[in-house]
Amino acid sequence: DIQMTQSPASLSASLGETVTIECLASEDIYSNLAWYQQKPGKSPQLLIYYANSLNDGVPSRFSGSGSGTQYSLKINSLQSEDVSIYFCQQNYDSPWTFGGGTKLELK
Amino acid sequence: EVQLVESGGGLVQPGRSLKLSCAASGFTFSNYGMAWVCQAPTKGLEWVASISTGGGNTYYRDSVKGRFTISRDNAKNTLYLQMDSLRSEDTATYYCARRDYSGDEYFDYWGQGVMVTVSS
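Residue numbers (this note's numbering), protein chains in the order written: chain L, 1 to 107; chain R, 108 to 227.
Errors might be hidden in some of the hints.
Stated by the list, open to error - Partial list, derived from the structure: chain L residues whose beta carbon lies under 8 Å from chain R:
no.: 1; residue: Ala-34
no.: 2; residue: Pro-40
no.: 3; residue: Ser-43
no.: 4; residue: Tyr-49
no.: 5; residue: Leu-54
no.: 6; residue: Asn-55
no.: 7; residue: Gly-57
no.: 8; residue: Phe-87
no.: 9; residue: Gln-89
no.: 10; residue: Asn-91
no.: 11; residue: Ser-94
no.: 12; residue: Pro-95
no.: 13; residue: Trp-96
no.: 14; residue: Phe-98
no.: 15; residue: Gly-100
Claimed, not checked - Here are the simulated lysine-lysine pairs, DSSO-like style, with alpha carbons at most 27 Å apart:
no.: 16; chain 1: R; residue 1: Lys-150; chain 2: L; residue 2: Lys-42
no.: 17; chain 1: R; residue 1: Lys-126; chain 2: L; residue 2: Lys-42
no.: 18; chain 1: R; residue 1: Lys-150; chain 2: R; residue 2: Lys-126
no.: 19; chain 1: L; residue 1: Lys-74; chain 2: L; residue 2: Lys-39
no.: 20; chain 1: L; residue 1: Lys-103; chain 2: L; residue 2: Lys-74
no.: 21; chain 1: R; residue 1: Lys-150; chain 2: L; residue 2: Lys-107
no.: 22; chain 1: R; residue 1: Lys-126; chain 2: R; residue 2: Lys-183
no.: 23; chain 1: L; residue 1: Lys-39; chain 2: L; residue 2: Lys-107
no.: 24; chain 1: L; residue 1: Lys-39; chain 2: R; residue 2: Lys-150
no.: 25; chain 1: L; residue 1: Lys-74; chain 2: R; residue 2: Lys-150
no.: 26; chain 1: L; residue 1: Lys-103; chain 2: R; residue 2: Lys-150
no.: 27; chain 1: L; residue 1: Lys-39; chain 2: L; residue 2: Lys-103
no.: 28; chain 1: L; residue 1: Lys-42; chain 2: L; residue 2: Lys-74
no.: 29; chain 1: L; residue 1: Lys-42; chain 2: L; residue 2: Lys-103
no.: 30; chain 1: R; residue 1: Lys-126; chain 2: R; residue 2: Lys-172
no.: 31; chain 1: L; residue 1: Lys-107; chain 2: L; residue 2: Lys-42
no.: 32; chain 1: L; residue 1: Lys-107; chain 2: L; residue 2: Lys-74
no.: 33; chain 1: R; residue 1: Lys-183; chain 2: R; residue 2: Lys-150
Stated by the list, open to error - Here are a few chain R residues that sit away from chain L, every Cβ distance over 12 Å (derived from the structure):
no.: 34; residue: Ala-142
no.: 35; residue: Ser-157
no.: 36; residue: Gly-161
no.: 37; residue: Ala-182
no.: 38; residue: Ser-209
no.: 39; residue: Ser-227
The set of hints was computed from the structure by calculation and includes no laboratory data. Just so you know, even glycine gets a beta-carbon here, dropped at the ideal spot from N, CA and C.
Could you put together the complete structure from these sequences and hints?
What follows is the structure in structure tokens.
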């Protein structure tokens with residue numbers, strides 16, 4: 001199975017700040033990488049697919065980048081509604097696997 | 108508006124069975140592959156099973172192969188997960204999720220989730 005390692009596990013940032021979350025795959029996943037946001041008590045929502053494609057309706061302050069085994073999610077100008085847990089997921093090879101999550105809180 | 112509404116969860120004893128349903132609306136259900144993804148309490152997400160548009164192709168994670176069966180009824184716009192020989196480690200919230208239109212295994216819509224607790 002492809003292991004997905006996210007860092008950091010938790011993150012505290014101030015409003016307006018830029019934050020970056022990293023995701024490392026145990027092997028090359030050829031940009032088959034999605035990012036999800038899960039707000040407290042809610043189901044996950046797709047933010048980014050194919051490493052850098054923004055899903056419909058997702059604010060442009062979210063962006064994804066990376067290739068090979070290393071990927072990142074960047075949030076510009078942090079808003080209060082961005083407090084969530086963020087997960088990466090590889091869809092290159094079955095079983096489709098998720099990172100352990102990054103909990104983003106406001107400082 | 109795309110809606111996925113799960114039902115059928117609850118408390119069940121180890122070794123028993125449970126069948127989850129997911130009612131879909133707001134899109135042409137038969138055009139999309141579907142999946143189940145679970146999340147154990149305070150844990151991360153884990154893909155469970157996927158099914159193709161017509162139901163002819165199904166895929167499972169190893170830990171549920173032979174115990175769980177994913178199926179769909181396109182006439183009823185409903186996805187199912189038959190869970191047999193349940194174990195305590197199956198305790199989780201189960202989400203119904205829609206696969207991307209291209210068939211790729213990322214999930215663009217999720218239901219609200221249904222809790223399954225396996226305990227004696």
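| query | Under the criterion that the straight-line Cα-Cα distance not exceed 27 Å, is the pair Lys-126(R), Lys-42(L) satisfied? | reply | The given pair, whose Cα atoms are some 22 Å apart, holds under the 27 Å limit.
| task | Mind checking the CB of Gln-89(L) against every CB in chain R and telling me if the closest is under 8 Å? | result | With Cβ-Cβ at 6 Å, under 8 Å, it holds.
| task | Measure nothing beyond the straight line between the CA atoms of Lys-39(L) and Lys-103(L); if it is 27 Å or shorter, mark the hint as holding. | result | Distance of about 10 Å is within 27 Å: holds.
| task | Please work out if Lys-74(L) and Lys-39(L) have their alpha carbons no farther apart than 27 Å. | result | holds (17 Å)
| said: Checking one constraint from the list: CA of Lys-150(R) to CA of Lys-126(R), max 27 Å. Satisfied? | reply: holds (23 Å)
| query | Going by Cβ atoms only, is Pro-40(L) closer than 8 Å to chain R? | reply | Hint on Pro-40(L): violated, closest Cβ of chain R at ~12 Å, above 8 Å.
| said: What's the verdict on Lys-39(L) and Lys-150(R), does the C-alpha distance respect the 27 Å limit or exceed it? | reply: holds (14 Å)
| Against chain R, with CB atoms and a cut of 8 Å, does the hint on Phe-98(L) hold up? | At 4 Å from the nearest chain R Cβ, Phe-98(L) passes the 8 Å test, so the hint holds.
| Would the least Cβ to Cβ distance between Gly-161(R) and chain L come out above 12 Å? | Label holds. Min Cβ-Cβ 19 Å, cutoff 12 Å.
| Hey, does the Ser-94(L) contact hint survive, CB to chain R under 8 Å? | Cβ of Ser-94(L) sits 6 Å from chain R, so the hint holds.
| query | Just checking, Ala-142(R) versus chain L, shortest CB gap more than 12 Å? | reply | About 8 Å separates Ala-142(R) from the closest Cβ of chain L, which leaves it inside 12 Å; violated.
| message | Quick check for students: does the CB of Ser-157(R) sit more than 12 Å from each CB in chain L? | response | Answer for Ser-157(R): violated, closest chain L Cβ roughly 8 Å.
This entry does not satisfy hints 2, 5, 7, 33, 34, 35, 38, going by the numbered hints stated previously.
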